[in-house]
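Turn these sequences into a full structure, and let the hints guide you.
There are 6 protein chains.
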Amino acid sequence: MAWLETLITDTPEAGFELAIKLARMGVKYTQPDAEVRDTLRKEYAASADSLTMASHVVAVHYQTVAAANNYWK
Amino acid sequence: MAWLETLITDTPEAGFELAIKLARMGVKYTQPDAEVRDTLRKEYAASADSLTMASHVVAVHYQTVAAANNYWK
Amino acid sequence: MAWLETLITDTPEAGFELAIKLARMGVKYTQPDAEVRDTLRKEYAASADSLTMASHVVAVHYQTVAAANNYWK
Amino acid sequence: MAWLETLITDTPEAGFELAIKLARMGVKYTQPDAEVRDTLRKEYAASADSLTMASHVVAVHYQTVAAANNYWK
Amino acid sequence: MAWLETLITDTPEAGFELAIKLARMGVKYTQPDAEVRDTLRKEYAASADSLTMASHVVAVHYQTVAAANNYWK
Amino acid sequence: MAWLETLITDTPEAGFELAIKLARMGVKYTQPDAEVRDTLRKEYAASADSLTMASHVVAVHYQTVAAANNYWK
Chain F
13 MAWLETLITD TPEAGFELAI KLARMGVKYT QPDAEVRDTL RKEYAASADS LTMASHVVAV
73 HYQTVAAANN YWK
Chain H
13 MAWLETLITD TPEAGFELAI KLARMGVKYT QPDAEVRDTL RKEYAASADS LTMASHVVAV
73 HYQTVAAANN YWK
Chain A
13 MAWLETLITD TPEAGFELAI KLARMGVKYT QPDAEVRDTL RKEYAASADS LTMASHVVAV
73 HYQTVAAANN YWK
Chain W
13 MAWLETLITD TPEAGFELAI KLARMGVKYT QPDAEVRDTL RKEYAASADS LTMASHVVAV
73 HYQTVAAANN YWK
Chain S
13 MAWLETLITD TPEAGFELAI KLARMGVKYT QPDAEVRDTL RKEYAASADS LTMASHVVAV
73 HYQTVAAANN YWK
Chain B
13 MAWLETLITD TPEAGFELAI KLARMGVKYT QPDAEVRDTL RKEYAASADS LTMASHVVAV
73 HYQTVAAANN YWK
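Chains as they are written, first to last, in this note's numbering: chain F, 13 to 85; chain H, 13 to 85; chain A, 13 to 85; chain W, 13 to 85; chain S, 13 to 85; chain B, 13 to 85.
There could be a bad hint or two in this list.
As a list, the in silico EDC-like pairs of lysine to aspartate or glutamate whose alpha-carbon atoms are at most 20 Å apart [as the list claims (entries may be wrong)]: (1) F:Lys40 x A:Asp45; (2) F:Lys54 x H:Glu29; (3) H:Lys85 x W:Asp61; (4) S:Lys54 x A:Glu25; (5) B:Lys54 x S:Glu25; (6) B:Lys33 x W:Glu25; (7) H:Lys40 x F:Glu25; (8) B:Lys85 x S:Glu17; (9) S:Lys54 x A:Glu55; (10) S:Lys33 x B:Asp50; (11) B:Lys54 x S:Glu47; (12) W:Lys33 x H:Glu47; (13) H:Lys33 x F:Asp61; (14) W:Lys54 x B:Asp50; (15) H:Lys40 x F:Asp45; (16) F:Lys54 x A:Asp61; (17) A:Lys40 x S:Glu25; (18) H:Lys54 x W:Glu55; (19) A:Lys54 x F:Asp50; (20) B:Lys33 x W:Asp61; (21) A:Lys85 x F:Asp22; (22) A:Lys54 x F:Asp45; (23) A:Lys40 x S:Glu17; (24) A:Lys40 x A:Glu55; (25) F:Lys54 x H:Glu55; (26) W:Lys54 x B:Glu47; (27) S:Lys40 x B:Glu29; (28) F:Lys33 x A:Glu29; (29) B:Lys40 x W:Glu25; (30) F:Lys54 x H:Glu47; (31) S:Lys33 x B:Glu25.
Worth flagging that the hints you see were computed from the coordinates, not collected in a lab.
Here is the structure:
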């Protein structure tokens, strides 16, 4: 089943959530084991720098999604 | 309640504050627990590199918001 | 044999997989030894920050692939 | 008082200095306490990597400011 | 002798190799001593994060080269 | 005396050298003390990751300079 059909979203907020999904899929493709990913969650969810790094990946994907949607103008 | 209706802002300064909000929402989506985020604030707010990393995420989002607003020209 | 003929893909999902490939090729060109890369996999596949860093490289390449495909519009 | 009225500057050099200001404002919004920021200055101003990280944030903002000014062409 | 005459390449793959060269030249300009660079190769070629960081620089340059070549369309 | 009059350069190579200069100026504005910067040079010039980080900043500035010069086409 395709997990990514389009970059087009109805709203900027839905676009942000797509960017979150893209960032997480980048991790999932690299570490397919869900159990390992869950274990690691404790690691990054309690580290300020890890959370900033995650937010940074979302920001890069949000640039892509926002441009794809012509900034929902 | 939608937290992000539009990327359009009246001024470059309002756009910068939207970029700050987007950077923080990227953390919030990853770590929804406000208490944990507050605890972590002590960690990053007293580290030069952590603050630079946070400023970097704001810079990426500001690129997106500025382009969305055609640089407020 | 050429490993990269085009940046054009049929779908956003295929584009994401191309971005993954580009990120990995960036590592392969820098460390051609497959054995070393496999050994290192244990290192990054069990570190939250390493996985986020890998996802970040995918995000940058996805920007390029998405723009190349005019966001599959 | 508004600290950011426009992204338009007369020269590439003035644009670079605006990028520096934007990078610093990203820190200031995150850590409003000037005393803390001054204390941290000793930390990053004597670390090669910290200075490179700071220069990186300036580079991202400079992309934005340069595009806003159509590269002062 | 000029090392960089043009950003235009015949293929996406040749463009990727140019991006690799640009990333390496960024290191070479900063550390001109080939012996030091060779010594350091042992350091980064055996570190997952170092290899990811190197791949990240290639990704940024590939954005530039791909845009220069209008994505080889 | 102005240190940055224009982003326009005759060649891609001259553009790369301007990107190097911009990356270094980002450090210089943050740490104006030349003696400190020279001392720090020993630190980053002997670290693979520090050199990669420096090359990354050059890559971001090179994107800006290349776009300013319409990729010297």
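Checked hints:
no.: 1; hint: F:Lys40 x A:Asp45; verdict: 24 Å, violated
no.: 2; hint: F:Lys54 x H:Glu29; verdict: 30 Å, violated
no.: 3; hint: H:Lys85 x W:Asp61; verdict: 36 Å, violated
no.: 4; hint: S:Lys54 x A:Glu25; verdict: 36 Å, violated
no.: 5; hint: B:Lys54 x S:Glu25; verdict: 36 Å, violated
no.: 6; hint: B:Lys33 x W:Glu25; verdict: 12 Å, holds
no.: 7; hint: H:Lys40 x F:Glu25; verdict: 14 Å, holds
no.: 8; hint: B:Lys85 x S:Glu17; verdict: 11 Å, holds
no.: 9; hint: S:Lys54 x A:Glu55; verdict: 17 Å, holds
no.: 10; hint: S:Lys33 x B:Asp50; verdict: 27 Å, violated
no.: 11; hint: B:Lys54 x S:Glu47; verdict: 15 Å, holds
no.: 12; hint: W:Lys33 x H:Glu47; verdict: 31 Å, violated
no.: 13; hint: H:Lys33 x F:Asp61; verdict: 17 Å, holds
no.: 14; hint: W:Lys54 x B:Asp50; verdict: 16 Å, holds
no.: 15; hint: H:Lys40 x F:Asp45; verdict: 24 Å, violated
no.: 16; hint: F:Lys54 x A:Asp61; verdict: 12 Å, holds
no.: 17; hint: A:Lys40 x S:Glu25; verdict: 14 Å, holds
no.: 18; hint: H:Lys54 x W:Glu55; verdict: 17 Å, holds
no.: 19; hint: A:Lys54 x F:Asp50; verdict: 16 Å, holds
no.: 20; hint: B:Lys33 x W:Asp61; verdict: 17 Å, holds
no.: 21; hint: A:Lys85 x F:Asp22; verdict: 14 Å, holds
no.: 22; hint: A:Lys54 x F:Asp45; verdict: 13 Å, holds
no.: 23; hint: A:Lys40 x S:Glu17; verdict: 26 Å, violated
no.: 24; hint: A:Lys40 x A:Glu55; verdict: 16 Å, holds
no.: 25; hint: F:Lys54 x H:Glu55; verdict: 17 Å, holds
no.: 26; hint: W:Lys54 x B:Glu47; verdict: 15 Å, holds
no.: 27; hint: S:Lys40 x B:Glu29; verdict: 12 Å, holds
no.: 28; hint: F:Lys33 x A:Glu29; verdict: 14 Å, holds
no.: 29; hint: B:Lys40 x W:Glu25; verdict: 14 Å, holds
no.: 30; hint: F:Lys54 x H:Glu47; verdict: 15 Å, holds
no.: 31; hint: S:Lys33 x B:Glu25; verdict: 12 Å, holds
When held up to the earlier numbered hints, the structure conflicts with 1, 2, 3, 4, 5, 10, 12, 15 and 23 and fits the remainder.
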